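Could you put together the complete structure from these sequences and hints?
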Amino acid sequence: MYKVSIAKLNVNPDLFTSSCLAGFAKRDSSTEKFGLSELEVGVLWVKDVKGNNFILVSVDTLYLDGSYLDFIYRWLLEEFGVSSSEVVFNATHTHSAPNSSSTFFGEQDAGFIGEITDKIKACVSIAFSKLEEGSVFFYEAQLPSGLIVNRRLLSRDIKSFFMKKRMIMSPNYSKKFDHYVRVVNFVSSSENSILINLSCHPVFNNNNAISSDFPGILRRDLSHLFDNVIFTQGFSGDIRPDSVISRYSPSNFLVFIKALVNGHSFISPTLRFFDYFNNSVVKTVEKRRTFNNITSSEFIFSHIFQFDLKSTTLKTIKNIEVKIINVGGIVFISIPAEVNSRYFFEIKSAFKELNIVPLGYAENIIGYLPYPTEVQEGGYEVNSYKNYGWDSPISSDSLTELFQSIVSAIKYVTNGSQD
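Using numbering that gives the first Met the number 0, the first residue of the sequence shown is number 0, and each one after it goes up by one.
Everything labelled a hint here was simulated from the structure, so no lab data went into it.
These figures come from a predicted structure and were not determined experimentally.
Glycine residues also receive a C-beta, built at the ideal position from the N, C-alpha and C atoms.
Mixed in with the good hints there might be a few duds.
[As the list claims (entries may be wrong)] Restraint-style ranges between C-beta atoms, simulated for each label pair:
| hint | residue 1 | residue 2 | range |
| --- | --- | --- | --- |
| 1 | Gly145 | Met0 | 35 to 43 Å |
| 2 | Tyr172 | Ala140 | 14 to 22 Å |
| 3 | Ala109 | Asn318 | 23 to 31 Å |
[Claimed, not checked] Here are the simulated lysine-lysine pairs, PhoX-like style, with alpha carbons at most 25 Å apart:
| hint | residue 1 | residue 2 |
| --- | --- | --- |
| 4 | Lys2 | Lys49 |
| 5 | Lys351 | Lys286 |
| 6 | Lys46 | Lys129 |
| 7 | Lys282 | Lys7 |
Now the structure itself:
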């Protein structure tokens, strides 16, 4: 039997300014707002009979930075005896929250950083005070088609007047991607709460309003079924909402030409599609409210490893920290990157007996993490390296070594070992 608890608190949006919003190079003040103004911090705490912990902290922001989270790590160790290997941070990746990471992504909002730091501490303290014996359940369900789509398509590019083919950001319905929603259910005598995990860029809202985008709506709409709901972002590097037009539905001329050549083209979402998206996810969760898949054991095993990720020229080396935490056969994989979805399928294929929960967007983001074979293909997820301080794309050999290290770490935590 575990001890479990979930706590969450709103982060006051009135304290922040729209000039500090991070996520889009250009925002459109004329578009309608999508989502709720309230941003949120959520904390999950699970403790096993041996005293091992798993703490997951979810924050409504684009990226998180270790410059202020290092303070939280020290506080957790001093106050509760919890080590850094037992703690995972996850940004929901909303593109409409004040910047809380590198100044490259916009003006930093010191007030927002201070507020989320305070709310993380408060949430952790509340969760600790509420810990009580409970059970942990898991299920995974496929989302309906038409909600999300892979955005990497090899096709003719408008920049070359459609003369050359290259990897462009356009809907690709033939490419495999993570179209599942995962739910971890925590049940005690006084609480029935869930952690929801979904891989998709929260890019509905692009005006100048603060918004938690679709994660906030999902939390709100599922709260009539569960006491607390925490949203976590998965490996969504190459996944976005399926807001498109086809070649048979012309919009403006440029979009129509793109759709004519490629079959479909992304367009700005409508409020109708936003509502459909959220309602469909909620209904998918509602249909699978019977939690038959209880965890296979009652122990927590965690492992943390460092890896030097190298660029193709070897001139840039970034050290990243990967965390693997096994909660009774539910394996949480935390990586500080916008991870492309193929990693999820390759890991799932290697460990069919495990329930995998992918968690990108940990603190100290290193950029996009394309799968090794995708490096040669190019595309935004490969070629945006300069935005994150790389001199060239990440080496495919280095990515292969990282993947092998992740597989080894999963084997370690699922063989009953504990560091």
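Cross-check of the supplied hints:
no.: 1; hint: Gly145 <-> Met0: 35 to 43 Å; verdict: 41 Å, holds
no.: 2; hint: Tyr172 <-> Ala140: 14 to 22 Å; verdict: 20 Å, holds
no.: 3; hint: Ala109 <-> Asn318: 23 to 31 Å; verdict: 26 Å, holds
no.: 4; hint: Lys2 <-> Lys49; verdict: 11 Å, holds
no.: 5; hint: Lys351 <-> Lys286; verdict: 23 Å, holds
no.: 6; hint: Lys46 <-> Lys129; verdict: 12 Å, holds
no.: 7; hint: Lys282 <-> Lys7; verdict: 23 Å, holds
No hint from the list above goes unmet by this structure.
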